[in-house]
Amino acid sequence: MNKKKTERECSVCGSVKKKVLFQQSFAFAPEGSLLDGYDVVICLNCGFGFADKIPEQDAFDAYYENMSKYEYEYKGGESDFDARRFPVGADFIRSLVADSNVSILDIGCTNGGFLHALRQVGFRNVSGVDPSPICAQNAARLYGIEVLTGTLSRLPENLKKYDLVILSAVLEHVRDLNAALMQVRKILNPGSLLYVEVPDLSQFNNLQDAPFQEFSVEHVNYFSVFSLTNLLMTCGFERLESMQSSTVQRGKIISPELKMMCRMVDMPMQERMTYDAKTQEYLEKYIESSRAIESRIHTAIDRLVKDGRAIIVWGVGTHTQRLMAKSSLSCANIVAFVDSNPKYQSKSIKGIPIIAPKDLLNRQEPILISSSFFQQEIEQHVRSVLGLKNEMIMLYEH
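In short: position in the sequence shown from 1, add 2, done, that's my numbering.
It cannot be assumed that every hint is accurate.
In silico DSSO-like pairs for lysine-lysine, Cα to Cα no more than 27 Å straight-line [said to hold, decoys possible]:
#, residue 1, residue 2
1, K287, K188
2, K6, K55
3, K308, K345
4, K162, K261
5, K352, K55
6, K391, K55
7, K21, K328
8, K308, K188
9, K287, K21
10, K287, K20
11, K280, K55
Computed spacing ranges between beta-carbons, pair by pair [as the list claims (entries may be wrong)]:
#, residue 1, residue 2, range
12, G310, T8, 27 to 33 Å
13, N208, N160, 43 to 49 Å
14, N191, D93, 39 to 45 Å
15, P158, A100, 48 to 54 Å
16, E290, E9, 23 to 29 Å
17, R385, A181, 46 to 52 Å
18, G124, E399, 40 to 46 Å
19, E159, V22, 37 to 43 Å
Derived from the structure by calculation, the hints contain no laboratory data.
Here the structure is a predicted model, which means the values were calculated and not measured.
Where a beta carbon is used, it is the ideal one built from N, C-alpha and C, also for glycine.
Please model the entire structure based on the sequences and the hints provided.
In structure tokens form, the structure reads like this:
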């Protein structure tokens with residue numbers, strides 16, 4: 003896997019003229035991580051926002067095949083969040099597609115939860131593709147749905163043509179957007195449909211989770227309705243309908259979503275592209291509000307460092323990696339990191355081991371929860387499942 007960083011041309015218009023708005027950094031990323039940072043830029047020609055100076059697509063494909071965080075989650079079914087989110091998307095598709103017998107392929111389907119939701123609203127012919135063999139096994143076990151192993155850029159051989167292809171929570175992860183969408187065209191029947199769901203950039207600032215969390219180690223494209231429409235048009239997909247929505251993840255944390263249904267048409271459609279005048283504004287507001295939240299968190303971290311106590315940090319994802327890069331957390335007396343993803347366990351950050359939650363049973367050190375989204379869930383797991391009385395250090399008030 004080649005992780006060498008290269009500059010991207012704009013996936014929407016092909017321009018290499020861009021403006022840097024922010025530099026994201028993930029210093030001391032754990033072994034196996036995809037990125038150690040990137041530039042958040044906008045295209046000066048069309049306005050699209052994306053992460054620049056990142057590895058080539060093959061590095062992304064290998065990462066999602068080998069380091070999937072979804073295959074070990076929710077083995078008994080989808081999460082409460084997905085149980086709320088999937089039916090909204092399924093109902094949106096049902097409102098636009100009358101025929102229950104259309105052939106549907108969900109690319110990047112993880113454990114098959116969205117396909118199950120589509121079955122629940124009457125669609126009979128559903129199947130999926132996912133990079134993780136374990137996710138494919140989970141889909142078969144949980145829902146009896148066939149899922150083949152592959153990626154958007156390397157689809158399984160001999161796929162048939164479909165009436166509807168789904169890319170839900172996929173395009174924000176893809177470096178080579180044009181090439182990926184050209185692959186989709188090859189497996190669609192003439193005039194067939196493409197359903198896309200991505201994080202909604204226009205809502206980032208209003209539905210703030212943790213600072214800069216949307217600039218994650220995996221999300222490298224930032225879509226407004228304008229830029230998503232432009233991208234799809236340049237690849238020969240005409241927008242039929244779109245919907246902006248949000249789903250409660252847990253507590254006060256809300257996920258912003260942009261859903262779009264398109265029809266495949268003859269190429270090209272570049273002449274209908276319009277300049278996205280909103281993405282820069284959306285990104286700059288999100289960056290400003292994230293900096294304000296981050297300043298408060300850094301103050302709390304400074305107190306921990308000054309105190310000098312040995313601590314354990316729970317979580318090694320985007321949140322922790324940015325704190326290690328930009329706050330004084332890397333100077334704290336950290337004796338271990340904890341993560342529930344088995345693929346990170348036994349690895350290390352800055353020479354400090356990453357251990358499993360069960361390995362905390364004989365530890366007495368305070369536990370810093372380095373997560374906004376999972377903060378309450380982690381605390382409950384420590385108290386109720388592990389039965390530990392360690393001091394818990396929280397960074398967020400939910």
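Status of the hints after comparison with the structure:
1. A hinted pair counts as satisfied when its Cα atoms are at most 27 Å apart, and K287 with K188 does not qualify at roughly 39 Å.
2. With a C-alpha separation of about 9 Å, the suggested pair K6 and K55 falls inside the 27 Å cut-off, and the hint holds.
3. Between K308 and K345 the CA atoms are separated by roughly 32 Å; this puts the pair beyond 27 Å, and the hint is violated.
4. Between K162 and K261 the CA atoms are separated by roughly 25 Å; this keeps the pair inside 27 Å, and the hint holds.
5. Restraint check: the Cα-Cα separation between K352 and K55 comes to about 23 Å, which is no more than 27 Å; the hinted pair holds.
6. Proposed proximity of K391 and K55 is contradicted: the alpha carbons are some 44 Å apart, above 27 Å.
7. Distance restraint check for K21 and K328: the Cα-Cα separation of roughly 22 Å lies within the 27 Å cut-off, and the hinted pair is therefore satisfied.
8. The suggested pairing of K308 with K188 is violated, with an alpha-carbon distance near 58 Å, which exceeds 27 Å.
9. A C-alpha spacing of about 16 Å is found between K287 and K21, which places the hinted pair at or below 27 Å, so the restraint holds.
10. For the proposed pair K287 and K20, the alpha carbon gap of about 19 Å is at most 27 Å, so the pair holds.
11. As the CA atoms of K280 and K55 are separated by approximately 23 Å, the hinted pair is consistent with the 27 Å bound.
12. At roughly 42 Å, the beta carbons of G310 and T8 sit outside the given window of 27 to 33 Å.
13. Between N208 and N160, the C-beta spacing of about 45 Å keeps the proposed range 43 to 49 Å intact.
14. The beta-carbon spacing between N191 and D93, approximately 24 Å, falls outside the hinted interval of 39 to 45 Å.
15. Remark: the range hint 48 to 54 Å for P158 to A100 is contradicted by a beta-carbon distance near 29 Å.
16. The supplied range of 23 to 29 Å is met by E290 and E9, whose beta-carbon atoms lie about 26 Å from each other.
17. Distance hint check for R385 and A181: the Cβ-Cβ separation is about 48 Å, which falls inside the suggested range of 46 to 52 Å.
18. For G124 and E399, the hinted distance range of 40 to 46 Å is satisfied, since their beta carbons lie about 43 Å from each other.
19. Under the hint 37 to 43 Å, the C-beta atoms of E159 and V22, about 40 Å apart, fit the expected range.
Figure legend: structure checked against the earlier numbered hints; hints not met, in rising order: 1, 3, 6, 8, 12, 14 and 15.
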